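*Asks:* Each chain is listed here by its residues.
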Amino acid sequence: MNCASFVQTEGLTKVYSSGKIQLCALKNVNLTLAEGKFLGVTGPSGSGKSTLVNLLGGLDTPSSGRIKVQGRDICELNKEELAIYRRYQVGMIFQSFNLIPSYTALENVAFPLLFAGVAKRERNQRAAEMLTRVGLYPRKDHRPAELSGGEQQRAAIARALVNQPKILLADEPTGNLDSITAKEIVKTLADLNRNQGVTVIMISHEELLLQEFAHEVIRLRDGEIVDREKLR
Amino acid sequence: MRMSDYIEQSFSNLARRKLRTFLTTFGVVIGIGALVSMFAFGQGVQKNMTDKFKELELFNCVNVFPPTMQEQSQPKPALSPSAALRVNSVEGTKEEPQQAPVLDDDLIQRIGKIEGVESAFAEIRFPAMVRLREKERFSLVQVLPADVCQSGLSKLLAAGEPYASDDANSLIISDSLLHGMKIKDAKTVIGEQVELSTLRFDPNLLSPAAIASIMRGDEIPFSRESYTFTIVGVAERMGFGGSMPVRSDVFIPPGPSEKMKKISLTSIWDFFSAAAGPGQAKGYSMVTVKLSSAKYVQPVKQQIEDWGFKTFALIDGLKEIKRAFIFMDMFLFAVAMIAITVASLGIINTMVMSILERYKEIGIMKAVGAGDRDVKKIFFFESGVIGFLGGIFGLALGWAVGVVINQVANYFLAKQGVPYTDYFSFPWWLCLGAVAFSIVVSLAAGIYPTLRAARVDPVVALRHD
Ligand SMILES: Nc1ncnc2c1ncn2[C@@H]1O[C@H](COP(=O)(O)OP(=O)(O)OP(=O)(O)O)[C@@H](O)[C@H]1O
Ligand SMILES: [Mg+2]
Chain A
75 MNCASFVQTE
85 GLTKVYSSGK
95 IQLCALKNVN
105 LTLAEGKFLG
115 VTGPSGSGKS
125 TLVNLLGGLD
135 TPSSGRIKVQ
145 GRDICELNKE
155 ELAIYRRYQV
165 GMIFQSFNLI
175 PSYTALENVA
185 FPLLFAGVAK
195 RERNQRAAEM
205 LTRVGLYPRK
215 DHRPAELSGG
225 EQQRAAIARA
235 LVNQPKILLA
245 DEPTGNLDSI
255 TAKEIVKTLA
265 DLNRNQGVTV
275 IMISHEELLL
285 QEFAHEVIRL
295 RDGEIVDREK
305 LR
Chain B
6 MRMSDYIEQS
16 FSNLARRKLR
26 TFLTTFGVVI
36 GIGALVSMFA
46 FGQGVQKNMT
56 DKFKELELFN
66 CVNVFPPTMQ
76 EQSQPKPALS
86 PSAALRVNSV
96 EGTKEEPQQA
106 PVLDDDLIQR
116 IGKIEGVESA
126 FAEIRFPAMV
136 RLREKERFSL
146 VQVLPADVCQ
156 SGLSKLLAAG
166 EPYASDDANS
176 LIISDSLLHG
186 MKIKDAKTVI
196 GEQVELSTLR
206 FDPNLLSPAA
216 IASIMRGDEI
226 PFSRESYTFT
236 IVGVAERMGF
246 GGSMPVRSDV
256 FIPPGPSEKM
266 KKISLTSIWD
276 FFSAAAGPGQ
286 AKGYSMVTVK
296 LSSAKYVQPV
306 KQQIEDWGFK
316 TFALIDGLKE
326 IKRAFIFMDM
336 FLFAVAMIAI
346 TVASLGIINT
356 MVMSILERYK
366 EIGIMKAVGA
376 GDRDVKKIFF
386 FESGVIGFLG
396 GIFGLALGWA
406 VGVVINQVAN
416 YFLAKQGVPY
426 TDYFSFPWWL
436 CLGAVAFSIV
446 VSLAAGIYPT
456 LRAARVDPVV
466 ALRHD
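For the protein sequence lines, the chains are A and B, in the order given.
Going by this note's numbering, the first residue of the first sequence is number 75, and it counts up by one from there.
Going by this note's numbering, the first residue of the second sequence is number 6, and it counts up by one from there.
These aren't lab readings, by the way, just hints derived from the structure by calculation.
Careful, some of the hints might be misleading.
Keeping only pairs whose Cα atoms sit at most 20 Å apart, straight-line, the calculated SDA-like set for lysine to any residue is [said to hold, decoys possible]:
no. : chain 1 : residue 1 : chain 2 : residue 2
1   : A       : K111      : A       : N250
2   : B       : K23       : A       : T178
3   : B       : K365      : A       : A264
4   : A       : K194      : B       : I12
5   : B       : K52       : B       : M333
6   : B       : K381      : A       : Y159
7   : B       : K381      : A       : E154
8   : A       : K240      : A       : F80
9   : B       : K118      : B       : I353
A few chain A residues facing chain B, derived, Cβ under 10 Å [claimed, not checked]:
no. : residue
10  : L97
11  : G191
12  : K194
13  : N198
14  : A202
15  : A234
16  : D245
What you are looking at is a predicted structure, and each value in this text was computed from that prediction instead of being measured.
Glycine included, every Cβ here is placed at the ideal spot set by N, Cα and C.
Next comes chain A alone, as it looks inside the complex:
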């Protein structure tokens, strides 16, 4: 395994065509990232940050180019194989948390294990462990509506990591949080990155947070990487 290219994209391009208008959300993006890094992604609105992360997470497929994760081209996977990739290789968190409102925190965290075919007892046990790790165990029986934004995002992080993925993709995880909570969340991600060796790719508009926690930051504009900064 070449650690220098744990995640690698080659000529990654995504074109959205609605009617006659063609919109190039990503243009020829070449990116390499070593294992265990914390990568920050920033850029103005509409620059293609979410598009990039969705492609890396296997939620979307590129118009052209390749994405290699651990040396394997995920663009060649069929739909079912891509689902398995999402299940075990990557975890995703979002700006709006995307927890299921009718489920408790514990049920939300245990949800991905359902598709992994894990038995109910073990599902609950592993979900409880993950909640403990993000410091939310005492609130395990609360529904999302009864949790603060920071707590909801912690539950989302626990859910993303419950299947022990190698990569954590975060699309503006702090966008809906106040600055103090935002910092706590990013610190949690940085700790997971440092202690568990999870590779983190995080989109954020907050330059200060990126400067404080990220190993590298890339800047996108109009679907192209315009700058790559090594911080540590």
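Using the hints provided, position chain B with the ligands relative to the given structure of chain A.
*Replies:* Frame of chain A; chain B with the ligands shown alone:
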């Protein structure tokens, strides 16, 4: 995903929208309930009829009739050329009997010698006034040989037993006639004396004076004769389309019948032959032949038809009856199918609604690693569970409806002396089939919503609002 998880998930997802799930399932319950009760009714009627026929060994019977009047007096050459041709080709080799064959005692003896024939008896019925416990009722009396009474009628006896010999001065009375006389308990009349008064058309009374009295309305040209019998048994009236040989209210053995002065009333023909005097008898209007087994029906029929008579066997009519039942079943099925179709539209509606509501949830499922197949199965199981619950409760509803209608029908029919009958039958295949059908229909209704759920694009579903 595990099987148990799919089941648990679908129940808990359905429980989230209790009212909607209840209403949708209720639609299925009504559809399946209608289907079950209608099929049970169709089955019940069919079962009743064939069971009763089998019990009475009616399938082992052949009825013999004299050739029809037209055939007896057929003017041969006066037919149109084509009809004449047809007649010739059909009857080409067969010799036309010179005289019309007659259904008489001689024939009954000849029939009795055919292989497989257990007994043959003429159907003799005559009107009589039945007098019991100071009450009088006008009724038809049927002459039934003792052996037929023992083999066929004994199964219908509500009380008592069949008469033992052809010469006994005993009779069997129907409970509907007793009912008409307001006698409730059938057992109490066993052993009681009953008086039969026959009417006889008397040519001697046809004097001008008698005719004048008929005109005045105070005298009729019949003479009355009374005979006393002992009641030995009470027969139940048949629940369904009573066919021969038991369709009268009073049965007597042939011995005493021969000594009675009476007019036979099986047909208007008998009436005139009786009026013309005993010497001019044209024979019986019908002879019933009992066979030891249904397999002799065809050969015996053939033999008797070769002698120039007409025959009828109920077993031939069975095909017609079965066809009528298929038609009835199809009609009931069509009605129930309308209910089922409406119910499946309800399921489609509910599932599509549910998918629109859980659009984001489907996106989450996919983001955390659910494949299209997992998503499809989750929604497919939900439709299946609606179908399963609808099937179970629909079966219960159909059964309950059947029981209630059965009780009500029997309550009213009992007043007319009809014995208790199950008009609904729930064979095991109907119960299993109803639940299976409900599940299959619900799954079919779930196909389109399920495909829609699987097509949800997670990127669109998860884009923050
Ligand atoms: N499904 C789609 N159909 C058409 N155009 C799309 C679609 N998804 C994204 N786009 C377009 O692609 C471009 C990049 O979108 P993307 O969501 O990646 O931007 P972003 O950098 O995440 O912006 P933001 O910071 O506002 O989240 C935008 O111009 C957007 O309008
Ligand atoms: Mg975005």
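*Asks:* Would you mind marking each hint as holding or not holding in the structure?
*Replies:* Results of checking the hints against the structure:
Restraint check for A:K111 and A:N250: not satisfied, since their Cα atoms lie roughly 25 Å apart, outside the 20 Å limit. Annotation: proposed proximity of B:K23 to A:T178 holds, straight-line Cα distance about 19 Å (limit 20 Å). Under the criterion of a C-alpha separation no larger than 20 Å, the hint pairing B:K365 with A:A264 is inconsistent with the structure, at around 28 Å. Between the alpha carbons of A:K194 and B:I12 the distance comes to roughly 13 Å, so the proposed pair stays at or under 20 Å and holds.
Taken as a hint, the B:K52 and B:M333 pair is honoured in the structure, with Cα atoms around 14 Å apart against an allowance of 20 Å. Taking the CA atoms of B:K381 and A:Y159, the gap is about 19 Å. The hint holds against a cut of 20 Å. Of the pairs offered as hints, the one joining B:K381 and A:E154 holds, with about 13 Å between alpha carbons and a cut-off of 20 Å not exceeded. Proximity of A:K240 to A:F80 is assessed by CA-CA distance (about 10 Å); at most 20 Å being required, the pair is judged to hold.
Distance check on the hinted pair: B:K118 and B:I353 sit about 69 Å apart at the alpha-carbon level, beyond 20 Å; violated. For A:L97, the interface hint is violated, since its Cβ never comes within 10 Å of a Cβ in chain B; the closest pair sits about 14 Å apart. Evaluation of the A:G191 hint against chain B yields a held restraint, the C-beta minimum of about 6 Å falling below 10 Å. Using the Cβ-Cβ criterion of 10 Å, the hint placing A:K194 at the interface with chain B is satisfied: the shortest such distance is roughly 7 Å.
The restraint placing A:N198 at the interface with chain B is violated, with a minimum CB-CB distance near 13 Å, outside the 10 Å limit. Annotation: A:A202 was flagged as interfacial toward chain B, and the flag is violated, the nearest CB pair being 18 Å apart, outside 10 Å. Checking A:A234 against chain B by beta carbon gives a least distance of about 8 Å; that is within 10 Å, so the hint holds. For the restraint placing A:D245 at the interface with chain B, the shortest Cβ-Cβ distance is roughly 9 Å, inside the 10 Å limit, so the hint holds.
The structure is inconsistent with the numbered hints 1, 3, 9, 10, 13, 14, although it conforms to all the rest.
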